[in-house]
Each structure stands twice: as structure tokens, then as C-alpha cells.
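Asker: In case you want the letters, here they are:
Protein chains: 2
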Amino acid sequence: MGKKKKSKKGYVVGVDLGGTKILTAVVDKKGRILSRVKRATRATSGADKIVERIVQTVHQAIQEADIPAKKVVAVGVGAPAPIDPQTGFAFQASNIPALSNFPLGERLQETLQLPVFVDNDVNVGTVGEYAWGAGRGTKDMVGIFVGTGVGGGLIVGGKLRHGFRNSAGEVGHMVVGFKDQPDEVRCGCGRRGCLEAYASRTAIERDVQAAVAAGRETLLLELMEKKGKRRITSGVLAQALEAQDPLMIEVLDRVTTYLSLLVATIANFFDPEMFVIGGGVAEALGERLIAPIRHKAPRWFIKESDAAKVCIVLAELGDDAGVLGAATIARMRLK
Amino acid sequence: MGKKKKSKKGYVVGVDLGGTKILTAVVDKKGRILSRVKRATRATSGADKIVERIVQTVHQAIQEADIPAKKVVAVGVGAPAPIDPQTGFAFQASNIPALSNFPLGERLQETLQLPVFVDNDVNVGTVGEYAWGAGRGTKDMVGIFVGTGVGGGLIVGGKLRHGFRNSAGEVGHMVVGFKDQPDEVRCGCGRRGCLEAYASRTAIERDVQAAVAAGRETLLLELMEKKGKRRITSGVLAQALEAQDPLMIEVLDRVTTYLSLLVATIANFFDPEMFVIGGGVAEALGERLIAPIRHKAPRWFIKESDAAKVCIVLAELGDDAGVLGAATIARMRLK
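These protein sequence lines map, in sequence, to chains D and U. The opening position of the first sequence corresponds to residue 24 in this note's numbering, with each subsequent residue numbered one higher. The opening position of the second sequence corresponds to residue 24 in this note's numbering, with each subsequent residue numbered one higher.
Chain D with its partners taken away, still in its complex shape (with noise of 0.2 Å):
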């Protein structure tokens, strides 16, 4: 979708959609962020009320960025969904319900007048990084975001990966730990063995929990309490590996182990040239979390000998991964 004679000059407006906010920037062709405009998604409003609320951001994104609304050449938008990047059409979508089976690219289209392109949060996420994060200069590139799951992305020869049925990169659901054993731990896509039943937030809190049921003691719930908070946030993580809480080493080393596994099996079978790791846990506990799997993972690769050359590094975006890498799909799109 998207009419493809627009100038490739001009700016294009990246759409971070999250389950609780949106984020929109106005950026040149050089990756620069001219305006930067946050609000709530209320996810639970209707497919009409968002779509609606992006439409404002966008807009006001404009407003702020003081350019031409005529100099704006597309939309690039990052959804909680599998899309069909083809049409922007978003399938099952379980932090915005409304946007479940919904035509969301044509949609913004028809309002905005523009080229929209819509395309699946983490592949938006992963595209940022290559373009304009950790992983400039590579020519292939993988990207691995940890936090309430585990999501991936796929970059090969420049380009964003789809795979034939729009699901390459889908890193959590990589099987990993595949045990005869129906005891095993499940997967919250009802599996067994994928990377994100040992490797995401998710998992880690299912360990602390048990260990803490089992008698263990920890500060882990110390701090989520002070914080005032339901869940292990990120944060708290952060703050018990800080202070050498021992459950909080342990599951963390568990933890690690999976992702080079995972790091691993990705080298032994598409041998890419960087491996970027982001996602809320990655950015809470940095090279806390990135350095013992590039001590680990190389355990693995089938080549060992030459296991230095492949970088594996922390994401360096932060929140902006998403504008910037929407953004930028929204350009090489319109080529």
C-alpha cells in the first residue's frame, strides 16, 4: 500500500503504537528527530478513538516540527500486531484488542492522506536499530528485544525480512529447551520449549515467584512493594542485581544462558553479522545482561575459532528505536 511516486525528500512521521501510548515524530532523512509527541493509547476506547488519537499525534507531531504539512512524504507506523505489510491490516493484536482484525493501515491512510505503512512493533524496532542504532553499517543484523516476552527481528542484505508467511523473526518461539518431559515449563503460547518460557520478564518473575514459594528470600519483592507495584518491573531487577540479591543472580545467569542459546542456534544457522539485544530488560540491566552472553553464547557456535567476529551489542534507542525504525520503513518503503 502506499503510492510509491512521492518524493523521497521531505519528512516522513514515524508512529510508535503501544498497548498505553502512542509516540510520534516528525524525522528528516538523516534519522533526526524534529518533534516528539506522546499520548495515552486508551486501548480500550475502539478502533475508531485510536485511530482517531494517531491521527492527532501525527498532526500535532507536525505542528511542532514548525515544517510544511506538504513536505511530510509518509507515515510509518509500529504495531503490537501481526500486519500484513503489504495492506497494514492488523491481526490478532492482545494489547489493543479493538485493532484485532482491522484494516489499520487503510485506514490512517484514508485519513491522513498519505502513504501509510504499517508493519509489526518489534520489526519496526529491530529496523530503527539497523538504521540508525547499534547496528548501522551492518548489512545483516538481528534483533533480539527482551521484556514482558522476547520479539525479534530480521535484517538481510539491507533489507527487512518477512519471511513467506509474514512471520520471520519470531525469536521467542524458537525452540530452544525441548524436554520429553510433560512437567516441562509452558510457553505463554501454550508450547513447550520456546526462548521466551526461560528468557523474558514474564519467565523471570514465574522463577522468582517459585523460588520465593519454595522459601527462598529475596529483595526482589522488597523492592517491587517499595515501588508500589504489581509485577517485577524492569526496574526492580535492575535494582536487586545491583545489590547482589543472590536469587536475582541466579535467575539472571539462567536467563543469560537461554539467550545464548539462542544467540547460538541463530549463528549456527544464519551466521548474520551483529546480534542487537533491547527491550525493557536489556535496557534496565545494559551490559549487566549483554556481556555474559558474549562470554557464553560463543560455547555454541559451531565455530568457535572465529566467534569475536560476530558483534553481539546492546541496542542503543531506547524509546526511539520505534519512531526512528517506523520512520525509516516509511521511507525505504516509498522507494
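A portion of the hints provided could be inaccurate.
Each pair may be met inside one copy or between any two copies, as identical chains are not told apart.
To be verified - DSBU-like mimics (lysine-lysine), calculated; alpha carbons at most 30 Å apart, straight line: (1) Lys44 / Lys249; (2) Lys358 / Lys182; (3) Lys32 / Lys358.
No wet-lab data here; the hints were simulated from the structure.
Let chain D serve as the given structure and place chain U on it in line with the hints.
Answerer: Leaving out everything else, chain U in the frame of chain D:
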């Protein structure tokens, strides 16, 4: 390596260099084999002798094809070793130790006075199936070859992928069965959890021996002795399955489960159009290996709904995959 100005027309010679035999064929541009020559490798006879024997097969194949030697524009070679495809240099060649750390491509090119392109035998088999076998007409395809070990190759956008360190396609060392227990089955590569440790003929033999040691009865050993073999060959596996040997059925069920995990984990990451499964075990068992994988793999697909779109098929070329693939690689690289 290889002069690039030779004509794309004319014939190419494909060489399938194995640990026990050399298969060489003259191939025309439509993938038709004009002649076939087979010689023993005599792997222990030293690098010079092996090169000499390869050269002899090339000359003999040209003679038997009854074509003018000057119409042969290039030679492709598949070798059982990690290869630098740019130079044709062979690293660790465990089946032909004399060729370890040996400039195979350069030496053949000097002697043959033709452009020579060398690649790993499994990559070459993948290209053969892609260009002339089960993968014809696809753009993205994964080859999985199940034999003594498990190897693979990866076609992306019609091209063989080597990866950043020439180690793409090592599907046998993707980690699918990691467990924390130290008594876990180790792979031949020394690591734990590799697919090859669960789904190769070597793994089958190990499981059968362990079951027999534990008192299980099976036709497998009897069939093996009848054939006068000291190893459980693929043919013996096929016969035992034909006879509905309960241990064979049980072991095969485990093998197809692990191969299904491999297919699914690749589908979730890379999302190719087709998986082509070949190699000695696959050739001997045919659909009795493939059908269970086709049935089980989608259980782990993150998008199970459209899993039927992903083709999982048996390789078609058998022994010809090597010579056809080698010839095709030579022709592709002449471009």
C-alpha cells in the same frame, strides 16, 4: 576465485567428492547429465593423489560425454569440509584428513586450467535440490540432510547463503534440546543440545545400542548381522521399519519429533517457503520419515493457522544432488 569472463553457455563439470568415492558428471545448462564417472577417493593416499584422481574423473567425464573439452567452461566441487567459497580453501576435513587446511580450489584450477569453484558438500546438495530437484521454483528454501550427521543449506532469494563467517546452514548444531542436567546426551561436536545429537543415524545407533543393553529386543541387530555390517545402515533402518520393529518405531518417533522441532524453529525465525529433507536416512525411509515431520512440525509454528503453506518435502535427486549442485554453483558463480 575463477575467471569471470568465460561464457555462460557450454558445459560445466560437477564433482561430488566424498570420503569413499568421487562422483563426477558433465552437466549442460538445462541440468541434464551427459556422463557420469565414479572412482574411489582413497582418502588416505595424500592430497596430491586425491587431486590427481579428481582431475582424472573430470577428464574421463568430458571424454565420455563426447563433447569438445574447450566447451567446458567451469568445474564445481562439493567437498566434505568447511570451505572458504571465495578461495576454495578446505579447513578440517574429518573424512579426508589429507585435505584439511588445503588449497583445494587453487590446486584443481592450476591443474585443470579452468575456473574451479569449491563449496561444502551440504551447501552443494542444497543448491542441487533448489535448482533441479524438489526446490525448483522456490525462492527461499532450507535443505536438511540426515545421515551420519545432520547438515543443511540455506537459499535466500535464489542465492546460497554463506553467512558472515561462512558458517550458515549448520542446522545440525542448532540447539533444540538444551537441559541443565550434566548427563545430557552430547553431540559429536562436544556440545549439548544440538539437533544432530538426537536426529542423526549416529544418534539412532546410540539409542538402539542403549535399548539393547537395557534388554530390549529388536530386529535391528539381526538385520545388521545378516547384511554383514558393523553399523546400522540406513537400509537396515528401512527394513526394520518395514517389519514394524517396535524399537525402530519408537526411535523413529523421537527422531521425527526432533526434526520437527528443527523445522519449526527455523520456520519461526526464517519463515522459508520450503524445507527439502534428504540424506541417506531420508532416502532410505522416504515418506515414513517426512510424513510425521509434516504432521508434527506445525505444532510449534507460531502461526499454526497457515502452517500448511510451508512445504516439507523429500529430496528428489538422491546421489545426483551433489554433481548437479556442484555444476550449478560453478555456473552461478561464473556470472
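Asker: Now, for every hint given, state plainly whether the structure supports it.
Answerer: Cross-check of the supplied hints:
1. Taking identical chains as interchangeable, the C-alpha atoms of Lys44 and Lys249 lie at most 30 Å apart only when both belong to the same chain, with a minimum of 25 Å there against 71 Å between chains.
2. For the homomeric pair Lys358 and Lys182, the shortest alpha-carbon distances inside one copy (13 Å) and between copies (23 Å) are both at most 30 Å.
3. Taking the closest pair of Cα atoms, Lys32 and Lys358 come within 30 Å of each other only inside a single copy of the chain (11 Å); across copies the shortest separation is 35 Å, beyond that limit.
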